[in-house]
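Asks: Line order of the protein sequences matches chains A and B.
Be aware that the first sequence starts at 1, since it is given in the UniProt record's numbering, and climbs by one per residue.
Be aware that the second sequence starts at 1, since it is given in the UniProt record's numbering, and climbs by one per residue.
Source of the hints: derived by calculation from the structure; they are not laboratory data.
Check each hint, because a few of them may be wrong.
Claimed, not checked - Simulated crosslink set (PhoX-like; lysine-lysine; CA at most 20 Å straight-line):
#1 A/K378 with A/K357
#2 B/K248 with A/K357
#3 B/K149 with A/K357
#4 B/K353 with A/K378
#5 A/K378 with B/K204
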Amino acid sequence: MTLALFGTSPSGVPPRGVSPHGMPHGMPPRGAAVAAPPLEVTSPSGPELPVSEISVPEAPVRAVPAPETPVPEVHHPRVDCTADSTVGLTFTVRLFGKDAKEIAASQVPESAAVLLRLRHQHGPDASLRLPLSPVAADGRLRATLPSTTQLPEGRWDAYLSLADEEPQRLLPGVHDLRALVDGGSPSDAHAWLGVRIPYTTKNGNLAVRAWLRRPHAEAGTLRVEDGTMVLQGRLYGARLTATASLEALPRDAAASPVRLPVRPDSGADSGPGRAPEGPKTSSRAPERAPEGLETPEGPEGEPGDADARHAARDFTVELPFTSLLPGHQAWDLWLRPSADEEPVRLARILDDIPDKKRIFTYPSRRVADRDGALHSVKPYYTINNNLSVQVSTVDTQAAG
Amino acid sequence: MHISFLIFSAYGMGGTVRTTFNLAQALAEQHEVEVVSVFRYRDRPFFEPDNGVRLSSLVDMRRHRPTFDGDDPEHARPAKVFPAADGQYKQHSALTDRKIGEYLSSTEADVVVGTRPGLNVHVARQTRRGPVRLGQEHLTLATHSARMKRLLRRTYPRLDAVTTVTEADARDYRSTLRLPGVRVESLPNSVPEPDVAPADGSRKWVVAAGRLAPAKRYDVLIRAFGEVVRERPDWGLRIYGHGREANKLRKLIDELGLYNHVYLMGSANPIEAEWVKGSICAVTSSLESFGMTIVEAMRCGLPVVATDCPHGPKEIIRDGVDGLLVPTGDVQAIAGGLLRLINDEGLRTRMGKAAHSASARFDPSQVAARYEELMTSLVNRRSGTLHRARGTLLGGAYAAREAARLGVKYALEGART
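Go ahead and model the full structure; you've got the sequences and the hints to work with.
Replies: In structure tokens:
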């Protein structure tokens, strides 16, 4: 088909590397491919906003050459997402008009792109443009989010952007995320660990949930026993030292943090969904951006920096519930790799499930404090998949 | 041929809707096909038919539309043609009686297909002379009430054919109802080829999917998985679906300490993307009139461990070849079946491949070809009219006998028994 659509690409190959600023690096602006203007969200606290409620400042006026063919009117665009084992995402779209007739790839403007917008955020880092290029032979269009592209943490709403039309929401299609199920192969060669999970929003649209962390403390098997919880986990991107500790930080600052020792494990967490072979560095080379399209460096230095390449390390930690009593509040769990390092939030993000809260649930336990008052204690995942513990006072009269 | 399907609502997402659209679309390759939905609840159906299938509806239930029929006083009066023995009697009314009757008495179709007993009664009683009348049974005769069975025995002789989704149910229809001159054929539900590549058996997950309803016996599955975890703590179970059993199952998982291994995932659409994340499918129902999820999982390359419950599983799975059949309700046997596949990767992969190729017989094109053969032979049956006159007479005779037994009141109320 027509790779000529990408005539501005010197090699004739569609560009794959993209920056978070919305334009491929080193690429001259093409036709109407105006970088997505920053968003202004009118109601920052509200739920996902329909496009009509987002006020988009007018794009900078610039001379746009008249397209040779009119921009086709696309009806309910649906996109299939495929995750590869290096945690890159591929978006494949097939466009249909109002009459349900398929729109040929050759009719789609060359500036067509999948546009990701970080919900409730604005500024240059809150929008990412992934150019759509025709897939040879079958008339579909494809855009790639390489594993090397950093996507700031949050919920990214997906739009189809055609020329300078108002982008329209993309609907979810068939999402092949099997590569994510057992954690994928988070590459230890990056200075950061990125997780991106496509999902369907409450309103039925497509969004991508992203996490960007380094170091990262992944929560695994969690057992709730009589007066304690035992957590197995794995630390990425930092050395687990003899002074490593678990920190439970109270949401209510009046209580003091609780610190507990962390035990490095020789054997890995063998629970389902955990990479069974234990600590590993990436078995494959990270996807390379094309020449001249280097990925921006992570906050912790060059990829390949010795510090960023610690082998992931398994650990076990025990949290006696009595240490969180008395009180009625939530405790956030952090892991401090060593006494002189910043703590790392414990979270469960290395799989295909965007919202853990309702799926990964744990039983609660009744624990009495020194005065004999009963408390109910329950570990849970927050809406951001971070691990916390809720302590609630039990009304003994009501409890009988 | 012009083929017309009559369905309760084409705007839902249940099994009948899916299988009807699959079949309609495959038949539309060669024929003119329409789907007539008695009710319209939404602007757009969940599954959009393409391929030239025409979709129309008779009663508009969308409140925001000027064409809303819900306030029509006729809709407040009870139905007389749609039978009270059908579970969806309450949704039907004098208005649906009239609208369905008008459609059936004026249809240009060569073949009219009803998709549930209540609608089959309409098809039997109200279709104008000419079109072939076909009634589909998506559940089973055995699960119908005695009252429903009496009604079907009286009414179905006016159909040309009844289709069931299993051989076992077809045998029941032939032996219990003894419908004179009516072809009874078993034609399975169809499942299209998934849009994702088949599973390769390498992921340590067992997957189950379906409504969280008592008949699915997920409690048995969870207990069986507890046995599995003792031996293989590296494997997990994902259960997709929602339903009223959710809280009970959650409690059971916590009680058995399986919360690191068994997950209630909620609903997923499309489900095929979830099947391929696993390596084994488990079905532990006490009853499966067909077993659509078994076929769906097999089409995704998963071997299925299923209970040998009535009626579907044993007609889909070849035990030991493309899946395993285990005794219904038997926790140890289910755990044993799962462990056999978990502990033997070679067997698992071989059975998965066998399941993938064997399930191609449920492709809409294959099922549609069998429907086409049945429909063509009925349309061409030269004695068709004669047969129906006879069937009607005999049906009338049954009805008269039944009425004599039950009293005149029922005869006066017609089908409303």
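Asks: Compare the structure with each hint and give your call.
Replies: Tested hints:
{"no.": "1", "hint": "A/K378 with A/K357", "result": "holds, 12 Å"}
{"no.": "2", "hint": "B/K248 with A/K357", "result": "holds, 18 Å"}
{"no.": "3", "hint": "B/K149 with A/K357", "result": "violated, 47 Å"}
{"no.": "4", "hint": "B/K353 with A/K378", "result": "violated, 43 Å"}
{"no.": "5", "hint": "A/K378 with B/K204", "result": "violated, 28 Å"}
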